[in-house]
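> Use these hints to put chain E onto chain C, whose structure you have.
Okay, here's what each chain looks like letter by letter:
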Amino acid sequence: MKRTVPLFITFFVGTLLIVSVFLPPVQSMGENFTLFFDIIAVFAFFLGGGNLVRIHLDKVSRRKKDWGYSLVTLFGFFLVLASGLFKIGNAGGIAASVTASGSWFQTIFERVMNPLSSTMYALLAFYVASASYRAFRAKNREATILLIAAFVILLGRTPFGTMITAWIPDSLSALQVPNMAIWIMSSPNLAGQRAIMIGIGLGVVSMSLRVLLGIERTYLGEDKG
Amino acid sequence: MNTGIMDHLALWTAAFLTLGIISFLYRDNVWYKICEAVFVGASAGYWFVTYFWDNIYGKFWVGVFPGDPSRSPDYALLVGGALGLLMLMRLIPKIGWLSRWPLAFIVGATAGLNLIGYFASNVMVQVADTVRPLLGADGGASLYDVIGNVVVAVGTFTALIYFFFSKEHKGAFGGAAKVGIFVLMVTFGASFGYTVMSRMSLLIGRIDFLLGDWLGLIK
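Heads up: the sequence lines are chains C and E, in that order.
Counted the way this note's numbering counts, the first sequence spans residues 1 to 225.
Counted the way this note's numbering counts, the second sequence spans residues 1 to 219.
Here chain C stands alone, though its shape is the one from the complex (with noise of 0.2 Å):
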């Protein structure tokens, strides 16, 4: 019962999800296990938000190392869970899209999620120019490639790329470092990048199957049941 039957419903689903692309009449059986998915995912997604209450509340409680950090947390967590359940300063009241334009929610998005995510990102400027500056030498052949690959990049798109190949002529347009980037872009890496994506493909190929047959069980825990 604890095993048998997940095993089942994991290979009954897959298995029907499958089917589905083939055979038209059982496509809106397929249809509606995807809606169900979608639900079941945003209760597991309940329980990983109820998690983080209880961790934080729980530091909060007893006063431990850090616990102010914890309560910003929990502040930022009910503040946008109360915009956005209850709406509020949406300017059609309950019945608007949550994402209307001057609502609390929309506003905390574009002032405080928007700003955070993407200074986040743009201090990895610094942390991967100070990185790269210390990897990166022409130790070898395969070293060398990339580090041209990458400098070609980096230079390709910058107005001071453009400026030092401006002087080719026309007939030689392609040995200019924008379009060396844009052809680097589309040949090499886009060989590259298709042989990582049939790979991935085919990875993804035989574990699908290996949940479906039941040869791959580690997502039911340790439990012998």
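A portion of the hints provided could be inaccurate.
Listed next, the in silico DMTMM-like pairs over lysine to aspartate or glutamate satisfying Cα-Cα at most 20 Å (straight line) [said to hold, decoys possible]: (1) E/Lys178 <-> E/Glu168; (2) E/Lys170 <-> C/Glu142; (3) E/Lys59 <-> C/Asp38; (4) C/Lys2 <-> C/Glu222; (5) C/Lys65 <-> E/Asp74; (6) E/Lys178 <-> C/Glu142; (7) C/Lys64 <-> E/Glu36; (8) E/Lys59 <-> E/Asp74; (9) C/Lys59 <-> E/Glu36; (10) C/Lys65 <-> E/Glu168; (11) C/Lys2 <-> C/Glu216; (12) E/Lys94 <-> C/Glu222; (13) E/Lys219 <-> E/Asp7; (14) E/Lys59 <-> C/Asp58; (15) E/Lys33 <-> C/Asp38; (16) E/Lys33 <-> C/Asp66; (17) E/Lys219 <-> E/Asp208.
Far from chain C, by Cβ distances over 12 Å, these chain E residues were calculated [said to hold, decoys possible]: (18) Gly20; (19) Arg71; (20) Arg100; (21) Gly117; (22) Leu135; (23) Gly171; (24) Val183; (25) Leu211.
These are computed hints drawn from the structure, not numbers from a lab.
This one's a predicted model, so the numbers in the text were calculated from it and none came from an experiment.
No residue lacks a Cβ here, since even glycine has one placed at the ideal position from N, Cα and C.
Same frame as chain C, now just chain E:
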């Protein structure tokens, strides 16, 4: 509250948070940690709300109780709702094993959808796009394009050979694998350069916000 004051407050909050994250460049500090905590809490709340309105309300509630007489209710969705509730059984240790059923559903559905989806988009489409006339569909491709087509075809093939570990990389096979490594190195270098530039453009965006929207120094 006055809309103008609210706008100003939101603008200053955005500036405060942006500078707080940037302050990490100096070192880990209280300001950064506060911003980080806000980010964690607000992100969780944001996705909670988005999923609630999109899926629980938009798909489940509206599906079961359409409110529109012309639409018939879809009671099959109750099965999805019941499975979703079973997921919460994880919180009750005695019957926690019941949460495996919805989990099995999610795993099975993911496997089924991915098997077809990835095979179609990552394998079939990519192979079809690689196996193409080198001289173009009408045979009139320029030398530049022909070289590009050859590089894509040979590069994809040799890079795939590199990923094939069931045969020792020796002789002609090893030579092809070596070419594959060079192609992959170009890919990694290009991806690196592209990532750095995208991060740079984000950074420029934030500086533009600070100097333009916030301080008004850039018009």
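> Sort out whether E/Glu168 lies within 20 Å of E/Lys178, counting only the CA atoms.
holds (12 Å)
> If you draw a straight line from the CA of C/Lys64 to the CA of E/Glu36, is it 20 Å or shorter?
It holds: about 18 Å lies between the C-alpha atoms, which stays within 20 Å.
> Compare the distance between the alpha carbons of C/Lys2 and C/Glu222 with 20 Å, and conclude whether the hinted pair is satisfied.
holds (11 Å)
> Could you let me know if the closest chain C CB is still more than 12 Å away from the CB of E/Leu135?
holds (16 Å)
> For the pair we were handed, C/Lys2 and C/Glu216, check the Cα-Cα distance against 20 Å.
Roughly 16 Å between the alpha carbons, so the hint for C/Lys2 and C/Glu216 holds.
> Check the non-interface label on E/Val183: least C-beta distance to chain C beyond 12 Å or not.
Incorrect as stated: the minimum Cβ-Cβ distance to chain C is 5 Å, not above 12 Å.
> Checking one constraint from the list: CA of E/Lys219 to CA of E/Asp208, max 20 Å. Satisfied?
OK: E/Lys219 and E/Asp208 at ~10 Å, within 20 Å.
> Is E/Lys178 close enough to C/Glu142, meaning Cα to Cα at most 20 Å?
holds (10 Å)
> Could you grab the alpha-carbon distance between E/Lys170 and C/Glu142 and see if it respects the 20 Å cut-off?
The hint holds at about 18 Å.
> Take a quick look at whether C/Lys65 and E/Glu168 sit within 20 Å of each other, Cα to Cα.
violated (54 Å)
> Taking the minimum C-beta separation from E/Leu211 to chain C, is that value above 12 Å?
holds (14 Å)
> Minimum C-beta separation from E/Gly117 to chain C exceeding 12 Å: can you confirm that?
Check fails; 9 Å does not lie beyond 12 Å.
Comparing the model with each earlier hint shows violations of hints 5, 10, 14, 15, 18, 20, 21 and 24; every other hint is respected.
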